[in-house]
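Colleague: All chains, full assembly: derive it from the sequences and hints.
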Amino acid sequence: MKKLINDPADVVADALRGMALAHPELRVDHENRVVFRGEGPRQGKVGLVSGGGSGHEPMHGGFVGRGMLDAACAGEVFTSPVPDQMVAATQGVDGGAGVLHIVKNYTGDVMNFEMAAELVAAESGAEVVTVVVDDDVAVTDSLYTAGRRGVGTTVLLEKIVGAAAEEGRPLAEVADLARRVDDAGRSMGMALTSCTVPAAGKPTFDLPEDQMEIGIGIHGEPGRRRVPLAPAREVAEMLVEPILSDLAFTGGEGVICFVNGLGATPLLELYVLHAEVAALLDKAGVGIARSLVGPYMTSLDMAGATVTLLRCDDELLRLWDAPVVTPGLRWGA
Amino acid sequence: MKKLINDPADVVADALRGMALAHPELRVDHENRVVFRGEGPRQGKVGLVSGGGSGHEPMHGGFVGRGMLDAACAGEVFTSPVPDQMVAATQGVDGGAGVLHIVKNYTGDVMNFEMAAELVAAESGAEVVTVVVDDDVAVTDSLYTAGRRGVGTTVLLEKIVGAAAEEGRPLAEVADLARRVDDAGRSMGMALTSCTVPAAGKPTFDLPEDQMEIGIGIHGEPGRRRVPLAPAREVAEMLVEPILSDLAFTGGEGVICFVNGLGATPLLELYVLHAEVAALLDKAGVGIARSLVGPYMTSLDMAGATVTLLRCDDELLRLWDAPVVTPGLRWGA
Amino acid sequence: MSTEELQAWLRRFAELVHEHKDELTALDSAIGDADHGANLDRGMTAVLAALEEAPPADAAALLKKTGATLVSKVGGASGPLYGTLFLRMAGADTFPAALRAGYEGVLARGKAEPGDKTMVDALGPACDALDAGRSVAEAAQAAAEGRDATVPLVARKGRASYLGERSAGHADPGATSTALLLQAAAETLS
Amino acid sequence: MSTEELQAWLRRFAELVHEHKDELTALDSAIGDADHGANLDRGMTAVLAALEEAPPADAAALLKKTGATLVSKVGGASGPLYGTLFLRMAGADTFPAALRAGYEGVLARGKAEPGDKTMVDALGPACDALDAGRSVAEAAQAAAEGRDATVPLVARKGRASYLGERSAGHADPGATSTALLLQAAAETLS
Ligand SMILES: Nc1ncnc2c1ncn2[C@@H]1O[C@H](COP(=O)(O)OP(=O)(O)O)[C@@H](O)[C@H]1O
Ligand SMILES: Nc1ncnc2c1ncn2[C@@H]1O[C@H](COP(=O)(O)OP(=O)(O)O)[C@@H](O)[C@H]1O
Ligand SMILES: [Mg+2]
Ligand SMILES: [Mg+2]
Ligand SMILES: [Mg+2]
Ligand SMILES: [Mg+2]
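Chains as they are written, first to last, in full-length UniProt numbering: chain Z, 1 to 333; chain V, 1 to 333; chain Y, 1 to 190; chain D, 1 to 190.
Fair warning: there could be bad hints in the mix.
With a straight-line Cα cutoff of 27 Å, these simulated BS3-like cross-link-like pairs (lysine-lysine) come out [as the list claims (entries may be wrong)]:
{"#": "1", "chain 1": "Z", "residue 1": "Lys202", "chain 2": "V", "residue 2": "Lys202"}
{"#": "2", "chain 1": "Y", "residue 1": "Lys111", "chain 2": "Y", "residue 2": "Lys64"}
{"#": "3", "chain 1": "V", "residue 1": "Lys2", "chain 2": "Z", "residue 2": "Lys202"}
Not everything, but these chain Y residues come out facing chain Z in the computed CB check (under 10 Å) [stated by the list, open to error]:
{"#": "4", "residue": "Glu19"}
{"#": "5", "residue": "His20"}
{"#": "6", "residue": "Ile31"}
{"#": "7", "residue": "Ala61"}
{"#": "8", "residue": "Pro114"}
{"#": "9", "residue": "Thr118"}
By construction, these hints were calculated from the structure, which means they are not laboratory data.
Glycine is no exception: its CB is placed at the ideal position from the N, C-alpha and C atoms.
Modeller: And the structure:
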């Protein structure tokens with residue numbers, strides 16, 4: 001295993017130390033592994049808490065800051081954080097207006113956040129509302145299964161909902177907005193290589209030199225199917241087509257088109273893919289209102305990419321454009 | 001070769017299309033492969049032009065914008081751009097106050113920028129001053145050789161000098177400042193894997209599973225030595241020690257500590273490395289005034305990292321903190 | 001269920017998890033995210049340390065401590081599920097009753113049904129065996145059979161469900177660790 | 001130096017570069033950045049296209065066009081160096097004088113000295129052979145020997161210089177392509 005780490009057991013703690021050093025504007029609670037805004041909770045503002053397994057950096061810790069999250073819990077690599085962390089985060093961001101938990105739809109994340117919310121309620125703590133993100137069209141949605149995974153829409157949702165919370169909107173409204181964003185976002189991903197979980201020490205799956213996986217998740221879960229390598233143009237089709245056939249994206253104010261790198265894919269290639277995605281959207285009559293291209297939600301050292309489309313109206317775009325000051329996303333301030 | 005590209009011959013053109021789509025605030029001259037600020041030259045402002053081979057994204061095109069470069073020329077992958085591109089860039093940014101060429105010290109880059117400057121002079125074009133960045137301590141510096149490579153200091157220099165140009169300072173002063181930054185910066189890099197040049201189709205060098213290269217460049221040039229894999233703590237030592245022994249970094253206002261990913265190294269690992277670098281600097285009595293951690297100067301899909309230290313005074317820090325609005329670096333505005 | 005017996009059980013379970021850590025992770029690599037072995041190993045190591053540090057007064061306290069520690073240290077799906085299992089066991093007097101209560105906790109927390117290709121498929125048969133008056137060894141046997149029966153299933157819960165048809169052909173990691181839990185019980189509980 | 005002869009030379013050089021593209025890139029992989037083959041191939045393809053499009057009136061125009069096209073299309077170190085070589089050849093009347101002028105242009109542009117492990121080490125010996133009145137075939141032989149002589153050298157110029165001692169043991173890519181340039185000359189110029 002080739003990684004710039006020390007003991008695999010220490011990778012999350014070590015990375016959080018590095019992150020704290022790189023971003024003195026944040027406050028890192030190393031014991032609970034929670035990244036907080038440096039300035040603490042603002043009275044009357046809804047607190048936004050997210051988190052999940054580590055290995056997806058900059059998500060979520062890198063999205064803590066003005067206009068986005070108030071706190072992020074870092075679990076072990078690819079393992080949901082534990083309820084204690086979420087309780088500490090919730091208490092630490094409570095400004096009296098309640099706290100929104102933004103949870104990616106994975107059994108572990110959902111159950112741990114659920115237990116955390118129960119614990120907070122048992123202590124008569126902050127009012128907590130939970131929103132679950134489930135946007136991955138690679139997964140068949142059904143009442144009888146765990147449902148769709150939460151992937152790229154999470155990043156867009158945290159930004160947009162973060163802007164709404166910053167405006168001082170009440171918890172119910174912020175939560176409604178979050179659900180609206182989740183409803184309007186769809187994603188699909190692919191991998192050229194597997195990732196290697198540090199504690200496992202070897203690639204999660206073997207992928208021959210001439211093959212790629214379509215429909216992968218962001219935890220090294222293998223995809224829905226394995227196909228021969230193809231040019232970016234065809235890869236774009238394999239990602240965009242299932243998204244477009246899952247939701248109507250035409251009309252409105254266009255989409256936010258998010259082409260995301262999975263950790264080992266250079267920006268050069270993401271731009272190539274973005275050009276192909278844009279060409280397909282153009283052909284389908286879907287306008288791109290905003291683009292986001294880069295490694296914002298990674299899967300350790302996986303080479304590959306995900307595409308997320310979020311159908312926007314004026315309000316979503318205005319909130320997207322609002323100032324954000326985090327290590328991972330920053331503009332307008 | 002596993003890459004999200006179409007025909008290897010088209011990779012630069014395709015990526016520039018994607019970049020233009022992702023960043024409508026920039027103006028991309030696709031014929032000359034030059035990325036310009038959207039708003040055009042400002043009268044009385046020194047124009048800043050850089051460029052180099054592609055494959056280092058976001059460098060340099062991603063550093064075009066307010067507070068940084070005015071234009072960047074994109075060469076073929078790992079191949080210096082040609083003089084025509086540099087002439088087009090120079091003419092396109094000329095606001096009457098002269099143009100600074102920021103050139104990384106590679107034979108090809110130096111000669112092509114030299115020919116461009118000769119061409120501009122022959123046409124009585126803008127006054128051009130050239131500054132060459134040579135900061136890689138892996139390379140022995142000598143009058144009889146090509147000298148040191150230009151690596152990580154380039155990013156810091158473009159930011160700092162960009163801020164000075166934005167203030168309206170005259171060309172000679174801006175050029176002096178650039179030389180001062182180059183003198184105060186030192187870098188060292190390492191690779192866990194080789195990169196694969198698209199047109200070559202296979203890794204530039206073979207690196208066994210249990211080995212790494214120390215002292216690599218950013219074009220897949222093999223390093224100075226090959227050593228067994230080691231924990232991040234020891235890797236940090238191998239990078240920091242040669243930097244500290246090349247220049248005195250103590251005193252002053254501390255350093256900008258830049259831990260850079262080479263394209264296939266996830267942010268998680270860069271934070272781990274940053275923590276180790278910071279610990280070594282602390283032990284050596286070198287204060288970190290600012291940190292920059294991320295993939296800002298890549299080498300296609302190479303896994304590995306470079307460390308750059310820039311000795312700062314008040315002025316350099318003030319210019320570093322000044323607003324910058326580019327795809328790759330953005331703050332304060 | 002004496003405190004000593006339960007402690008022996010947990011110690012043996014921790015041992016088995018540690019021995020089978022790589023195997024559990026390999027199973028989770030095939031249809032999940034390659035961390036089930038690391039997760040449970042981290043959790044049971046923490047449990048042993050916690051029990052060592054402050055030996056609980058009685059069986060209920062011991063089970064509660066175990067459950068709470070797993071919830072606090074494991075995360076992922078297995079943290080809440082194994083945690084709930086032990087927390088709910090604390091209320092009962094006999095092992096069969098305790099395991100049944102734990103099982104119901106797992107069902108309530110995870111909302112999986114038998115046949116969804118989860119730990120439920122090993123735990124359920126073990127509870128049924130005990131309730132039918134069979135020995136712990138027979139319950140362990142039932143859990144092992146339940147684990148084996150997950151192999152052909154298409155997962156409907158947990159990460160493996162994302163694979164759809166491709167999840168068939170592999171044993172479920174959680175069912176496999178649950179079989180170890182029952183094996184440890186067979187070796188230590190009377 | 002008739003226009004036809006020179007055109008044949010350039011066509012043959014382009015052919016040889018195309019045939020040896022992967023070999024040149026492999027050499028550049030060992031001690032450089034794996035693009036020398038791609039660079040020259042792109043450049044010579046552009047040269048042939050440019051000459052096709054607007055056939056130059058005379059030898060000087062042809063050499064100038066070739067040099068200017070290489071400068072505009074190649075980039076890297078070889079663009080300015082090969083470009084300058086052809087641009088400077090344009091002033092001379094005979095092939096030996098032209099190659100010498102080109103060689104001096106390369107020295108002025110690149111500031112390399114013989115023994116630095118660059119194309120200079122193949123070009124210099126070829127010029128010397130021609131100036132000594134030897135045939136173009138003998139000059140090509142001298143260039144090939146100069147290329148071979150770069151193998152043990154430690155590079156002092158170009159990217160290979162970054163490798164220090166590790167650059168020894170490999171032929172220089174630019175010296176190798178220059179040997180092809182002279183081979184093409186031997187096959188096409190009288
Ligand atoms: N809803 C559920 N109900 C019961 N067990 C489940 C459920 N979801 C997952 N599991 C069990 O959890 C196991 C995976 O645990 P683990 O790998 O530690 O967590 P994660 O899936 O979060 O990485 C699965 O093999 C399965 O047995
Ligand atoms: N200063 C120099 N003078 C003469 N030739 C040089 C010089 N630097 C490099 N070269 C030649 O250029 C060749 C490399 O060309 P190429 O790979 O196309 O460019 P780059 O090094 O920019 O990638 C080297 O093998 C060497 O022969
Ligand atoms: Mg997990
Ligand atoms: Mg090159
Ligand atoms: Mg798992
Ligand atoms: Mg080269």
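Colleague: Taking the numbered hints from earlier one at a time, note which ones the structure violates and give those numbers from smallest to largest.
Modeller: 4, 5, 7, 8
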